[in-house]
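Quick mapping for you: the protein sequence lines, in order, are chains A and B.
At position 272 of the first sequence (counting the first as 1) the number is 272 in the UniProt record's numbering, and the numbers step up by one without a gap.
At position 185 of the second sequence (counting the first as 1) the number is 185 in the UniProt record's numbering, and the numbers step up by one without a gap.
I should point out that these hints are in silico values taken from the structure, not numbers from a laboratory.
Only a predicted model underlies this, so the values are computations on that prediction, with no experimental measurement involved.
Don't take each hint at face value.
A pair counts as met if it fits within one copy or between any two copies, since identical chains are not told apart.
[Claimed, not checked] List time: in silico SDA-like cross-link candidates among lysine to any residue, alpha-carbon distance up to 20 Å:
| # | residue 1 | residue 2 |
| --- | --- | --- |
| 1 | Lys12 | Gln225 |
| 2 | Lys12 | Glu188 |
| 3 | Lys12 | Gly221 |
| 4 | Lys334 | Arg127 |
| 5 | Lys12 | Ala187 |
| 6 | Lys12 | Gly186 |
| 7 | Lys281 | Gly120 |
| 8 | Lys281 | Ala310 |
| 9 | Lys334 | Gln100 |
| 10 | Lys12 | Asp325 |
| 11 | Lys281 | Arg255 |
| 12 | Lys281 | Asn326 |
| 13 | Lys281 | Ile134 |
Number of protein chains: 2
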Amino acid sequence: MRLAIDVMGGDKGPCALIEGAARAVVDHPGLELVLFGSRQQITAELLRLPRPLAAATSRLAIHDVTSSVAMTATAAWALRRGQSTSMAQMLRCVAQGDAQAGVSVGNTAALVALARRELGMLDGMSRPAISTAIPARRGRRCYLLDLGANVDSPPHRLVEFALMGAAMARQVDQIERPRVALLNVGAESTKGSLSVREADRLLRESAARLPFAYLGYAEGGDIFQGELDVIVCDGFAGNAVLKASEGLAGMLVERVQSAFASRFRGRLASWIARPILTHLKQELDPVRYNGASLLGLQGIVVKSHGGTQAEGFYYAIRRAMQEVDNSLPERLAKRWACYG
Amino acid sequence: MRLAIDVMGGDKGPCALIEGAARAVVDHPGLELVLFGSRQQITAELLRLPRPLAAATSRLAIHDVTSSVAMTATAAWALRRGQSTSMAQMLRCVAQGDAQAGVSVGNTAALVALARRELGMLDGMSRPAISTAIPARRGRRCYLLDLGANVDSPPHRLVEFALMGAAMARQVDQIERPRVALLNVGAESTKGSLSVREADRLLRESAARLPFAYLGYAEGGDIFQGELDVIVCDGFAGNAVLKASEGLAGMLVERVQSAFASRFRGRLASWIARPILTHLKQELDPVRYNGASLLGLQGIVVKSHGGTQAEGFYYAIRRAMQEVDNSLPERLAKRWACYG
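Could you put together the complete structure from these sequences and hints?
The structure is reproduced here in structure tokens:
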């Protein structure tokens with residue numbers, strides 16, 4: 001398997017990304033990565049890798065690109081002037097079939113716009129949505145989308161997101177008839193913005209033909225209840241909810257940790273607290289780490305957090321690998337082709 | 001002190017509300033509550049109170065009202081036909097000065113519309129905002145608003161929210177120059193919806209005259225970092241973030257609890273786990289419980305969760321009492337009168 005990785009952009013520079021990429025090839029013997037970025041910078045970072053990771057550099061190819069998309073760039077700039085950036089070249093590599101998927105930590109707006117142009121959309125989808133599965137009660141997960149590919153979303157696009165999310169839940173989690181809801185400020189049909197109410201009307205109208213169970217409105221807390229498989233919202237609200245949840249999860253883990261530390265010390269603390277904290281962190285890792293998929297494209301693109309560490313980037317690469325194994329875009333397209 | 005309480009509406013019926021109200025008068029000897037709702041239902045609930053609470057019923061007056069605002073009612077319905085409901089009468093009681101503050105668990109849209117008409121807005125404010133202080137790192141708190149009084153907000157209203165939030169942080173938390181930011185999908189100035197970008201422009205333009213430090217954009221995770229005192233957003237995103245945070249906090253407390261329970265049993269578990277869990281829950285209580293203020297009105301109105309238990313309603317009453325002690329509306333109005 002060969003993936004294309006844009007190592008430019010991101011808040012922490014390429015260092016953590018290259019470490020994450022090296023770990024991924026060490027752990028997956030069949031994996032090759034093409035790193036898009038400044039050869040000089042990448043080579044310097046590769047030389048700094050600790051010994052066990054350094055062994056993997058033969059499967060890390062470098063595609064030398066000197067220009068990159070700034071975090072402050074707009075989508076319009078990326079489309080007009082971004083052709084030679086590491087992000088655009090990484091995406092072209094995926095579009096041409098030289099890599100099976102792409103991963104970037106860069107500017108989201110630019111990534112969405114360039115991915116749409118380079119890879120094209122699947123039939124019936126007008127714009128990509130960013131989605132991730134959030135861990136919920138009873139070991140379940142809830143696909144939340146859009147997480148920020150679009151800052152606002154007209155009703156028909158929310159309907160497309162519902163189709164994409166449901167296809168993910170069926171394809172990845174084998175849920176026969178996913179339960180789908182629209183995020184709103186209350187469960188009553190009189191509430192919410194015009195756009196959400198119109199999307200609700202469209203979904204109710206076509207409920208009989210939908211390849212999922214449409215359950216009406218959900219509120220923010222329902223994400224974690226384990227009773228819904230997909231929650232659809234505009235990218236602004238989804239992004240705020242995801243980042244707030246990550247922030248809160250991080251704060252709570254710290255608080256549990258310090259509550260332990262103030263009560264038990266040394267060995268006793270290790271014996272009592274460590275296994276519980278490890279367990280808690282593992283359960284929260286999907287919220288904190290696993291990157292997010294750009295859905296609706298004719299190809300696989302994973303967006304990793306801008307501020308990610310090596311571990312987070314490693315998970316984003318793993319996610320791209322899983323989507324390749326799943327032949328995700330082709331299968332998603334088939335799932336919604338029967339509809340409409 | 002005399003408060004007006006609307007005990008109709010809410011997902012659980014008046015039972016929990018009346019228990020919460022009774023606890024509040026037991027704990028606060030100078031407090032009197034006027035309960036707006038069906039005399040028959042309220043009397044039946046009062047008779048069912050356990051003995052220590054039953055003693056307080058002499059300070060629980062009943063204002064018999066048979067009609068109430070349904071959770072499915074629209075703001076327009078409430079304004080046209082809701083004059084005789086328990087919610088409207090409770091608000092009128094506050095407007096006429098017969099009570100110093102009002103509390104309701106009812107329909108948010110109706111409460112906002114009726115409160116605006118019955119109490120009127122403070123000078124310079126066009127619409128109420130719902131706000132609460134969210135516990136953050138380093139013992140700090142962050143005022144988040146709007147939490148759902150409005151489903152979308154034009155730029156000038158986001159600026160008003162910034163003024164209201166900053167006035168709260170100064171008045172309640174004694175922060176000399178509150179740090180205020182706008183919620184957005186990224187920190188870069190090129191990002192976000194038109195409305196947020198225009199509000200950012202307005203705030204930057206008048207930065208020198210603002211009674212707070214405007215710091216630009218914040219992301220969802222910043223709510224919990226303890227580096228901002230106020231985060232402003234439209235009511236849709238704020239509502240989603242608040243409810244998602246409550247849901248996640250609840251799920252995490254459960255997970256820590258069950259991780260303990262699976263590792264330690266009986267007395268050992270009580271000794272190790274209970275103090276830590278108690279501490280954690282106390283820290284999260286403000287997120288889960290304390291109700292939210294309707295800011296910008298010429299009077300004090302607290303909105304408690306629709307699905308609240310007795311304890312949550314008790315906290316909402318306490319919040320209203322604190323705002324009375326603080327003479328909140330008058331002082332807030334003075335704080336922003338100097339501006340603009």
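The hints, checked one at a time:
1. Only between protomers do Lys12 and Gln225 lie at most 20 Å apart by alpha-carbon distance; the minimum there is 19 Å, versus 34 Å within a single protomer.
2. Proximity of Lys12 and Glu188 under a CA criterion of 20 Å is satisfied inter-copy only: 16 Å between copies versus 44 Å inside one chain copy.
3. Taking the shortest alpha-carbon separations for Lys12 and Gly221, only the inter-copy value of 17 Å comes in at or below 20 Å, while the best intra-copy value is 32 Å.
4. In this homomeric assembly, Lys334 and Arg127 come within 20 Å of each other (Cα to Cα) only inside a single copy, at 18 Å, whereas the closest approach across copies is 48 Å.
5. Taking the closest pair of Cα atoms, Lys12 and Ala187 come within 20 Å of each other only across two copies (15 Å); inside a single copy the shortest separation is 41 Å, beyond that limit.
6. Taking identical chains as interchangeable, the C-alpha atoms of Lys12 and Gly186 lie at most 20 Å apart only when they sit on different chains, with a minimum of 16 Å there against 39 Å within one chain.
7. For the identical chains of this complex, Lys281 and Gly120 are neighbours neither inside a copy (37 Å) nor across copies (48 Å), given an alpha-carbon limit of 20 Å.
8. Taking the shortest Cα distances, Lys281 and Ala310 sit within 20 Å of each other inside one copy (16 Å), while across copies they are farther apart (33 Å).
9. For a Cα distance limit of 20 Å, the shortest separation of Lys334 from Gln100 inside one copy, 19 Å, qualifies, whereas the shortest one across copies, 62 Å, does not.
10. In this homomeric assembly, Lys12 and Asp325 never come within 20 Å of each other (Cα to Cα): the closest approach is 30 Å inside a single copy and 48 Å across copies.
11. Taking CA atoms no more than 20 Å apart as the test, Lys281 paired with Arg255 passes in both settings, with 13 Å inside one copy and 11 Å between copies.
12. In this homomeric assembly, Lys281 and Asn326 never come within 20 Å of each other (Cα to Cα): the closest approach is 27 Å inside a single copy and 41 Å across copies.
13. Taking CA atoms no more than 20 Å apart as the test, Lys281 paired with Ile134 passes inside one copy only; the shortest distance there is 14 Å, against 23 Å between copies.
The structure shown violates the earlier hints numbered 7, 10 and 12.
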